[in-house]
Every structure is written in structure tokens, then in C-alpha cells.
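Engineer: Input sequences plus hints: build the corresponding full structure.
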Amino acid sequence: MQYHSPGSFEDAVAIAGAASGTTRFLAGGTDVLVQLRADIVTPDTLIDVKKIEGVRSITREADGDWRIGIAVSGAEMSEHPELGADWPGLVEAMDLVGSTQIQGRATLTGNLCNASPAADSVPAMFAAGVIASVTGPQGTRQVPVTEIPTGPGKTSLKPGELISALHVPARGARGGDAYLRFIPRTEMDIAVVGCAVNLRLDGDTISEARVSLGAVAPTALLVPEAAEALIGTTLDEAALEALATAAADACKPIDDKRGTVKFRTHVAGVLAKRAARIAYDRARARA
Amino acid sequence: MALDEYKPQTGKAMLEGEGRSFKQVGTSPDRPDGVDKVTGRARFGADVTAPGMLHAAIVRSPHAHARILKIDTSAAEALDGVKAVVTRADFATGLTGEMWNILENVMADKTALYDGHAVAAVAATSALIARDAAKLVKVEYEVLPHVTDVDAAMATGAPVIREGAADASVPPGLHPNVVRYHESGRGDVEAGFAEADLVIEDHFRTEATHQGYIEPHACLAQMGGDGKGELWCCTQGHWNVQKICAALLGTEQSALRVTASEIGGGFGGKTTVFIEPVALALSRKTSRPVKLVMSRSEVFRATGPTASTSMDVKVGMKKDGTITAMQGTFRLQGGAFPGAPADMTAMCAFAPYNVANLKQVGYDVMSNRPKQAAYRAPGSPMAAFATESVIDELCNQLGLDPIEVRLKNASREGTRASYGPKFQRIGLVETLEAAKAHPHYSAPLKPGQGRGVSCGFWFNFGGETSVSLALSEDGSAQLMVGTPDIGGSRASMALMAAEELGIPYENVRVTIADTASLGYNEVSHGSRVTYASGLATIQAARDAVRKLCGRAAAKWGIPEDAVKWENGCAVPSGPNAGDFDPLPIAEITASMGATGGPIVGHFEATPEGAGVSFATHIVDAEVDPETGKTAVVRYTVVQDAGKAIHPTYVEGQFQGGAAQGIGWALNEEYIYGEDGRLQNAVFLDYRIPVASDLPMIDTVIVEVPNPGHPYGVRGVGETSICPPLAAIANAVSAAAGVRLHELPMSPPRILEALERQRGG
Ligand SMILES: Cc1cc2nc3c(=O)[nH]c(=O)nc-3n(C[C@H](O)[C@H](O)[C@H](O)COP(=O)(O)OP(=O)(O)OC[C@H]3O[C@@H](n4cnc5c(N)ncnc54)[C@H](O)[C@@H]3O)c2cc1C
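Which chain is which? The protein sequence lines are A and B, in order. Residues 1 to 287 in our numbering are what the first sequence lists, from first letter to last. Residues 1001 to 1760 in our numbering are what the second sequence lists, from first letter to last.
Hints were generated in silico from the structure; no laboratory data involved. Note that the structure is predicted; figures quoted are calculated from it, not measured. Some hints could be false.
Mimicking DSS-like on lysine-lysine, the simulated pairs with C-alpha atoms at most 25 Å apart in a straight line are [what the hints assert, rightly or not]:
| no. | chain 1 | residue 1 | chain 2 | residue 2 |
| --- | --- | --- | --- | --- |
| 1 | B | Lys1446 | A | Lys273 |
| 2 | B | Lys1629 | A | Lys252 |
| 3 | A | Lys273 | A | Lys154 |
Simulated restraints, written as ranges between beta carbons of each label pair [what the hints assert, rightly or not]:
| no. | chain 1 | residue 1 | chain 2 | residue 2 | range |
| --- | --- | --- | --- | --- | --- |
| 4 | A | Arg185 | B | Thr1648 | 51 to 61 Å |
| 5 | A | Lys51 | B | Gln1757 | 57 to 67 Å |
| 6 | B | Thr1648 | A | Glu228 | 52 to 62 Å |
The beta carbon of each residue, even a glycine, is placed where N, CA and C say it ideally should be.
Structural biologist: Put into C-alpha cells, the structure is as follows:
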């Protein structure tokens, strides 16, 4: 195994491009090192991305977009004075990852690129409409995060490519998001179902919505039918029921040790309703 | 001292401990090992090293049941750094009975009997090389049909784990996987059920759970070609390790010295051996020290979880709450070997109740799972789950208060126990009265919440015990006990020694001595340590005190029996009272070399008066009807401790039992796939409670002294896990409005029960 710690994305791309065998980028390492020790993935090349200039910062761009560096830890997101006011759902989703110790290391990018169907921050990113900067031998391109994970442990990134930043859209007026997950315990568990809702109001009426589910399919899902059930409503009972049905219908889960198909499908609807109520209240509270 | 002095006394005679005003016993000073543990100075199983040490790794079967056709070790042996590979051929032959079972479990012979069963092991110069080499050991298997469920394993046509494993207790006609049978009872249950106004019979199941100790098994072994060896390991009982390892390696017991490390939890799971003989065999083969440390998934796959159960319990009750008859059938699956505690389950099931008509039947069933080991009151928590659920349902349907009903039927002193003997002094009624009076029992519940109550029972145990107490020249004391400290027992031992000697608690250093330093000590199990090692400590201190008084008598020139011991001093008594100034301990010990030599107190015995103990738990649970998720919102443990030597650690035992019970009741379970492999061999998926899952667990210590201990101590470590499964199930059933019959009561299971009920 070879360990590299490049100082720039160009160097990282060059090392990754030249590497053969299994390559892993080392952000927080809370997936990479665990998989290494458990004999699941033993990389031939390990590229530490934490020494690259600027990867530890959270910045608000001129247009109100948030740029989140690829080595920013969950704890740094939670402690940021303004990010959580704009995107409470996204920050809470990342904050659910692991324990205090894990929070000191784990990153949003790592959570996305590990490509677990149950990753907590991913539905929240899908719902928020986060865009990734993907840097490779051909330069940098902008890719919606919804296009990054392609299946359990798989991403659309090509050999030699890595994510160089994540961009969360400007919050804007009367918007709110929320993420909820179901776990049998209170913490330190993997989502059996996750659901994120992001919406915007016009008066009290929902004008825009995005709904995303986690752990009910090979990747997180964006569910347009669930969003449509909300748009144009004031989140009345009928809208919530329609949302729950659309969410449940979108589920393509598996039976496994963490939950059954039936249970996951049912709980997806329950969580969608609960997350929608929180997002709605948050949007109403925002000028 | 005569053995029968430590047998339970009858009658309500005033006990020595009763009414005695203690100076130190009953206080809660910091544990002597506390600073070591919080500063990292304490050495656990994996913390020792030796010059030239090798690291070992075990090759394990990926199949639930498979014939081992061939083991090819050549590629592993050819790897640089590999020093030895061992298989079954490297262990003793000709063993029988339980020693053969343990050997077969430690290293498979012709057949791999469960997923994770050890088939070979390697030793290499680094842990990484050993791990890689283990992958190079090529094992050819012929996969056999398997069975992991208890009911399926008893059914006609189930794969036979091992022909001829059953003992004489098993009636003819049962499947060969049924290896032991227990039946007991009294009266006429049919007549009893006929007398009842309401009879309820129900079926219950519990899944296997793991003790979940934080420290994986680890050891460092050193053995030469001459058969002499040293072993350092985390264990609940190192004499037992010595005995087993000597047998499995074919050497004398005294040739092997075993030292118990600090232990990061055991709960019964470290009362046997899994890896120690393997490390010894590798060391003998290489003449180098060998360290072997299990990973967490090895701990789950290849140590000793509890038995899983399938149970039927039937209880008849009159309208006034009188129980007329109780009947139970308890089927326990304990893995690929005999030993599931079906007899214990049967004997504990109805112990809290004084009922004329009883019948209890237990089946010990083998399956393709790891050999079960003890887990806190083995067998009893499951029994209570079934029995106390049925009693709860009877109370609901007859409109009776669950504590009143239990009080009405409670076992008391003189009651003939469901398992035979007459109870001596016991404290069940006292725990029920205290529970009834506790503010928890009358506190209002919020919507969506339910309350559950349950009693629980455990026998407790005595066992061989040997203790030695050496006095230092400055009058401080060094106490050597042979029972590894798994629950703060060093603090309790120091308190009892300090009390008897009349010296400060801090002046007693308690050491867990190795097997070469004391006589045989039974394992730290059966809630026996504070009882048996405590009793032995008191007697050893008294032995030392007699010797101290003797030195004073000699100095003063008066008879020995004219000297008594008070507040750490020898004082003349009787006709000589006041003739001499009190002689402090430090003055006697300062000159002991010149007055007869070192002063050491001893005590060796097999005390048999471990008093049984009872508890009553009250639980409030809240169930989310949309997701089936349960929160335990309030928990109160009321238990009879006999005499609490160190009340805070007694409370710790109470709370620990409740915490483990919450895990067992709600989320912990061994999950086997169709292929017979364990699917959740990591803490991520084997869901023990995390701190935020638990409410503050309130405790009430009831003290009804045990006549078999000088201060009245009863063991407290195990009874605390007997009531939780049932108490939580009763609370969850009340909150959900539907009876739960199967553990764990995981959210999908609760949702299903709710759905079934809605569907009619
Ligand atoms: C105890 C524990 C609890 C956990 N709990 C949770 C939980 O509750 N919810 C949850 O979702 N996860 C959980 N996780 C998993 C893990 O912590 C998260 O997935 C975390 O966000 C991973 O981030 P990281 O920075 O540590 O990633 P790393 O381990 O460093 O990397 C993860 C993957 O991302 C790739 N990668 C990293 N950076 C880049 C990049 N810039 N471009 C391309 N690929 C990249 C790596 O190659 C690797 O495949 C837990 C893990 C542990 C150990």
C-alpha cells in the first residue's frame, strides 16, 4: 500500500491517474480505515486529501451559495455560525453521523463517495440540490450530487477523478429543510430509513419541494412524485397522506438484518410526513 | 473450620450481622482499581507482551455445518514470518465428557459445527502476517445440512448434530439433538387448572444474546517442550482455565501457572476457554511466547452467547388472584454441544410463587450455533419472561393489581420452593412491598405509555474459596483473593477486611492472586464473590486477629483468650481489663519478626450458604405506534442484597442488569441467514443499548440478611437481569395495547403485532 498526501488537486489527480489497483481517497478515514481494518477493502493507493490548500473551509460565496471544503468535518459544519441557520436539515443529517469522535473526522464528501445507500447526509444533499465540483485530468466539471452514487459502494467518478468541493445553493426566502432517520436505538446506528424534505413557501402554500429517501434502494432516491404531492398545498392532512403514499411507492428496499421490506416501506411514509412538517415550520419561520 | 458452619441456618435467630453497627461496611469509597483504570495503567488481556513474542490468528469455518475433508497448511507455513500452524492433531487425545466438548469447541476435529468454529491456527512474527497466513490455510469442506432454530432442531428430520450426545435423562422417541431432559413438579396441575377461574396458556420465544463485554478475549501464552507454562489471560476464573488447559494440552495442572489480567467485563461469558489452549499449543510448538487476541466478530461468532428459547407456559388463577397451577415447557438451544441451561430455566420459572400444583419440563437441544456459555443467571431471565407475561395477562383480564397478586402468591421463608427445598430467610415480599410503596408505582402515565412489573429469582452460589491475608510491618494488610474482580469486588473485600482488622480501607491492598499462590478458587460466577470470597476474607482477617491477639498476650504474659480486638488494637479483657494500654496493630506488626514471624491469616472452604435472591422491577415504556419504536422512560429496580457491603456497587449491579435486560428485550439478537451464518457479528448490527437509550435507573436496596454469611450478604450480580425481559415486555404490551410474545421486541415486530391486532 502506498500513502500520498498531495498539496494540490492537480497532484492528487496525477497520483490517482497513475495508480493501478484499488485507490481510496483519505478524508476523515471513518469509512476507509474501518474497511481496511475489517479486511473489506485494502487499497493499493491511499491519497490523503487533507493537506490540499483550502479543503478545511466553509465559505459563503457572493451569490449566497455555500462552498464546503472536502475535508470539513461534521463538527465544523455543526459549529459554523450561519450554515445551520440556512440549511438546518443538511447540518443535522451530517451531525447524525457517528459519535463525537467520528464527528471530528467524518466529512460530507466521504459520506457521499462511500456510496452507502444508508448514508445520512446524502438524502439531505439530494433534497437541497447540492452540486459537486469534480476535478480530473480534463479539469473541473459541475455535477449534481444526485448523479454521484450509482449503487452500494459505487460512484460515477472515473479513475483519476475526485470531488474538489461541494456547493449548497443559496437558501433564499421562506425555505426550510429537514432530515429524519429511523434507527432502533437513539444513536450510533445505521439508518433503516432516511428521509429529507426541502421546500419553499409562497405565503403558506408550498411552491417548491424536493423529497429524498435513504436506505430504501441501492442509492438514495429523489422522489418527484412525493414533491408533487406537496406543491400547491398548505401541508394539510390530504397532502401529507399523498406524500406518505408517494414515498412508500418509491421504495425498492431489501429485507435484511436491519429491517424488512414491509417495515422500511411503511416507515418511509411516516418519516416523510414528519420531516415535511418540520421543514414546513422552518420555512414559515424564515422571512 | 467445619464445613457445615457455612450451611444455611434455620429459624429467625438473630444473625451476627444484624443489628451490628459497622464502621466501614455499608459505605461507598472509591474502588482501589479506579485510578489504574482511568489512567490506562490497568493491564487488560491484550496489554502484556514478552520478548520474542509471536502473534496468532485462528482459521474459522465459514460453514454452519461441514465435514472437514482436508487441511492444507503448506502455503501458510511457507509464508515468511510464519512459525507454526496447529490443528486438532496438536491437542490431547482421549478426553471425555465436558473436557472433550471444550476441546472440540476450541478446535474442530472432523466436523465444523457452526459458522466461526476454529479449524486451525497460525503463529507468526506479526499480527498482520498471522492474519494473512490464516487466509492461506486451505480447508476442504463437504457442506452438510444445518439447523440453527431450536424448534426446527427438535423436529423430525432435522440434521443430527452428533449421534449419541444425549444422556440418560432423555426419554426415548425424541430427536437425537435433544441431549438432556429435565422434569420436575408437584401436586396435580390438571386439578389445579380445573380449580381456576381463568387459565391462560401462551407460547414465547427469545433469541440468543451475547454478554457484550467490552474487552474481547485475549491471552499471552508461554509453554516449553517440557510442558511447563505460563498463561496470562482475561478470565472470570483462572483455576478453571488452568484445569481445562492442562487437560487439553495433556500436562499437569501445577505445570501451568495462570494469571488473570484486569477484565473488561465477563457476565458469565469468560467462565470457560476459547483461545487459551490454542495459544499454548502454538507456544509449545514454537518455544516462543504467543499472543492471541480475538476480534469483535470472532467474539460474536465463536464465544458463548446465551441459549435461544421456545417456551409454553400455562397458569391458572382464581378471581381473587390465587394461582392454582403453573405449567411450563422450556426448549433451549445452546449450540453444537450439550449444556443449554434448560434445567435452570425450568427450576427458576415458578420459584417466586407458592403454588401447590406445578409441572416444569426442560429440553436441552443442540444446533449449529456456537456453544452457549453462562450469561448472568443462565436460563432464568427467559423463564421469567414467559411466566411473568402470563401472570400479567391474567391480572389484566381479571382486573387485579399485579403487585397485589404477586404478594398474594409470593414465596416466603418456609415455602417449599418450586424446585424442591424449603426456602430459608428470603426477601421477595419485602421487594414487592417496597415496589408497591415506591413513588414510581403510583406515578401517572402519559398517553402512549405503559407500565410493567415483574419478579425474578436466582439461586446464587458458594464454591471453593481460598484467601490469604498478610500483614505488613507498618500494620497495613495485603489481601490475596482468587476471584477475578468483575464488579468492584476488591472494594468490598477491602471493606470487610478493614472492618475486621479495624484499620482504614485504604490500608488494605487487594490482589487477585495467580494459580500458584492460593488454593483452588472457583470461577467468579454465580454471584458468589462478595458472598464466598467475602466470607473467606472475614474469616482470614479473624484468623490474623487471633494471631495478633496471641502476640499481645505473649507480650503481656496473659492468656490468649484474655485479649480481645477493638478498633485496630489488642486490649486486655476479662480479669485483665485495664491492666495494659491498648496495643495498636502497627506496634504488633513492627516487631512480628522477633515475636514469632510474619502474621498471615488464611481461610479455605466451600461455603454452601449462598442465600437465594429475589427482585421486583417496575418499568414504564412508551411505544411509537407509527414506527413500533420503544423508549424505556422510567425504570426502578428493587432487590434484596442481604447486606450491601458497598452500596454504590450494589446499585451498579442492579443498574447493569436492567441495562443489559433492556438490550435483550428490545434490540439484541443473533441473526442467522438461510445459510446458517451469523449476519450481525459487529456492534453496529448487534444492537446493545447505547447510553442515550437508557433512562436513569432508580434502585432500592432491600436488606433481608442471608443466614449463611457472617454479615448477611447475598449475591446481587445475577438476580438483577431476571425480571427485566418480562417487566419491559409487560410495559411494552401495555403501551402498545397488544401482547408481545417474542424477543427482541424490535420495531418491525411491534408494528407487525399492532397490524395483526388492527386486522382483527
Ligand atoms: C462508528 C461509526 C459510526 C458511523 N455512523 C454513521 C452514521 O450514523 N451515518 C452515516 O451515514 N455514516 C456513518 N458512518 C460512516 C462514516 O463515518 C461516514 O460515511 C463519513 O461521512 C465518511 O467520511 P470520511 O471523511 O471519514 O470518509 P473516508 O473514510 O475518508 O472516505 C470514504 C470514501 O469516500 C471517498 N472519498 C473521500 N474523499 C473523496 C473525494 N474528495 N473525492 C472522491 N472520493 C472521496 C474515499 O475514497 C472513500 O471511498 C459511521 C462510521 C463509524 C466508524
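Engineer: Look at each hint and say if it fits the structure.
Structural biologist: Hint check results:
Using a Cα cut-off of 25 Å, the hinted pair Lys1446(B) and Lys273(A) holds, with the two alpha carbons roughly 23 Å apart. Between Lys1629(B) and Lys252(A) the alpha-carbon distance is near 22 Å, which keeps this suggested pair within the 25 Å criterion. Between the alpha carbons of Lys273(A) and Lys154(A) the distance comes to roughly 30 Å, so the proposed pair goes past 25 Å and is violated. Against the hinted window of 51 to 61 Å, the Cβ-Cβ separation of Arg185(A) and Thr1648(B) comes to about 27 Å, which falls outside the hint.
Between Lys51(A) and Gln1757(B), the C-beta spacing of about 59 Å keeps the proposed range 57 to 67 Å intact. The given range of 52 to 62 Å is respected by Thr1648(B) and Glu228(A), whose C-beta atoms sit roughly 59 Å from each other.
Hints 3 and 4 from the earlier list are contradicted by this structure; the remaining hints agree with it.
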